[in-house]
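Just so we're aligned: 864 in our numbering is position 388 of the first sequence, and the numbers increase by one with no gaps anywhere.
In case anyone wonders, no lab produced these hints; they're calculated from the structure. All values derive from a computational prediction rather than experimental measurement. Among the hints, erroneous ones may be present.
Unchecked claim - Dumping the calculated PhoX-like pairs for lysine-lysine here, alpha-carbon to alpha-carbon at most 25 Å:
| id | residue 1 | residue 2 |
| --- | --- | --- |
| 1 | Lys861 | Lys947 |
| 2 | Lys864 | Lys947 |
| 3 | Lys765 | Lys779 |
| 4 | Lys947 | Lys883 |
| 5 | Lys550 | Lys942 |
| 6 | Lys761 | Lys483 |
| 7 | Lys818 | Lys1079 |
Said to hold, decoys possible - Just the calculated beta-carbon pair ranges, DEER-fashion:
| id | residue 1 | residue 2 | range |
| --- | --- | --- | --- |
| 8 | Gly557 | Lys970 | 26 to 34 Å |
| 9 | Asn556 | Asp785 | 21 to 29 Å |
| 10 | Val775 | Gly557 | 38 to 46 Å |
Glycine included, every Cβ here is placed at the ideal spot set by N, Cα and C.
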Amino acid sequence: MIAAIEKLNPEQRKAVEATEGPVLILAGAGSGKTRVLTVKIAYMIQERRIPPGEILAMTFTKKAAEEMRSRIRKLVGSENGLWIGTFHSVFAKILRREAPHFGYSTDFVIYDKEDQERLVKQVLEGLGHSPKQHPPRMIAALISRSKNSLITPQEVLSHPQTPVEKVVGEAYAAYQDALRSNQAFDFDDLINVPVEIFRAHPSVLQKYQSRFRYLLVDEYQDTNRAQYLLLAALAKAHRNLCVVGDDDQSIYGWRGADLRNILEFEKDFPETAVFRLEQNYRSTKNILKAASSLVDKNVHRKKKTLWSDRESGEPLEMLEVEDELEEAHRVVEKIRDEVFRKKRNFNHFAVLYRTNAQSRAIEDGLRKSGISYVIVGGVRFYERKEIKDVLAYLKVVANPRDTLSLKRIINFPVRGIGDTSMQKIETWAARSGLDLFNTLERIDEVPDIPARVAKSARGFHDLIRKYMTLKDAISPGELVHALVDEIGLIRLYKDDTSIEGQGKLENVRELLSAVHEYTKQSEDPSLSGFLEEIALLTDIDNYHPKSAAVTLMTVHCAKGLEFPVVFVVGLEEGLFPLSRTLENLNELEEERRLFYVALTRAKEKVVLLWARTRNTYNSDGYRMSSRFLDEIDRSVMQFNRDEPRRSARKAVFSREDDSFDREFDAPVERRASFRKSNTFRSGMVRGQRVEHETFGWGQVEEIEGSGPRQTCTVRFDDGIEKKFLVRFARLKTME
DNA sequence: CGGATTTAACTTTTT
DNA sequence: GTTAAATCCG
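Based on the sequences and whatever the hints tell you, model everything.
See below:
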């Protein structure tokens, strides 16, 4: 323990030893922030003799929390009673305990974003708004934004600025009512409801103030207004609040993170001791210089100067390529080269991108060359439809008042209870003031329900009832197993011989083993506990670096990680920075910080790529390189232009490029549908002989326009004349 | 009512 | 190119 402190630099050490009063640690990228935090907690326990039970440490991902816990355990031997967790899981736990005193159920369920949107949709329909005019997604996002800032429905409604705001206010109010009657909380509620409880009941606040006499917060720049108020309330009495953050790494503004929390911390806590960790231990001087020169362009930031005593290292490489295929190809090429020349392992590499959609091209490239990869993020396991179906059953068993989940499963697998019957049941339920689940028991009283439907509904009711009784008698693992068995899911998917069906089967099996795993691991396994745990999982939580695989993920996902070699792809204006951020300075600065985060993930080497053309579903054509590339100090950059690899083989206009396969003919399992690329290449002339996949050979009669919209008219040898968009036609020429 | 087929919408990042 | 929602038909 003492040794751990002595390894710290002077500033880090001071930050560790300042255990009393408010502390703000401004920790630059790679400055050993996690180390300071863990050594600090260990120091508090061992040197200052603070009981671990009085310390509460909060992070944003479960992974960060677990890492911190295990490091502390190594330092002090035990961390019994120490509270470390994500904001959401800590307060979910507190809510489970406190909710019954305030008119909520202990068995509340947690709604994720999809549930939230579904409920908003229902609410909007109830208010008579068409989903066309008011997309539930958008309204849900606006509601969430209000909630992040602790604005009530009444406040939204009191002076609506726009017609939309009026709808939002109404929907917000109805949405909160619906949540309450479903006994559900959304993510925002897990923070907001505790704030409300603490506000309204000082004695409860006091209880937690004295329970948690020391608060520590990681990634403080990502906190939103509500989270800040929660911290401020808890810290009000003892003022032992230590926050660690870096305003340059604030990349969650769109989710309500409020930079004022960090920029104005000293205003709210005037006696704050501030420590700046500016020595970077991660990256080479060149990488650091590049990153600093970039982020220096931001106006809204606390000035700081990161420095490093590491070697200069290689310059950052910039590659200009033709399109996303070329991009993937160059990434593959570089990886091979580095592995060969520098004896690197595949897990030394990360490919980072702005949007998940970009992963496909890179994936294809890696797969074709036989390099294995792990992809983090994208569609998460617990958000897959088949998984959410099973989870909906579990939610209803845990809390039958969750009508959203109930409606999801009442006719899955098919029971013959269709929309028409549901309408009747719901109307009757609303009129008689019963909830849906109890209505099912009294289905005979509902008018106009066919006998077959009624029988089926009773069967469903009995099924849920049975598991409600079972849930306290058997383990969650056994329960889920029996339930999945009884509703015949495994059989259902087994009969489905399609690829998707097999995938679903796999996923359901994986869910079963996840529940068993949870049952084994948890001290006090319960159905609600399991549901809560998975509701609060994040992408990165499931990331286990494999030794022989390249990592692919979004830049957001990469925060907090590091790799020897980092590729950042898609550095084009409109993609990174994303086009919609261009008009708003704050958003543009956030994009710049995001790129800063990407650069500072690298320890030794950075390769930046941009493509002159890129196919996305709604736009293609020519692109400009990202402004961020121009903002990096040129002295640490090396520019490389891609040589179009065109051999004496067939010239390809709009290509279906097979050169890729041929050059790297690693064993390729071809996908069922061969993905075609439609990149335009100029060079077509009138009178030229061309070959079309289905029409055969012909002659170019006419060429109109240029660029991506260029068209050509071809008279085929059988006399038929066709007009094509050049970039879609995939025409080939003779040698 | 259920299943199959067609259509539209979608892509920013996520606790 | 993928997926959920809308539409059609038995």
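| message | Need the list of violated hint numbers for this structure, in ascending order. | response | 5, 8 and 9
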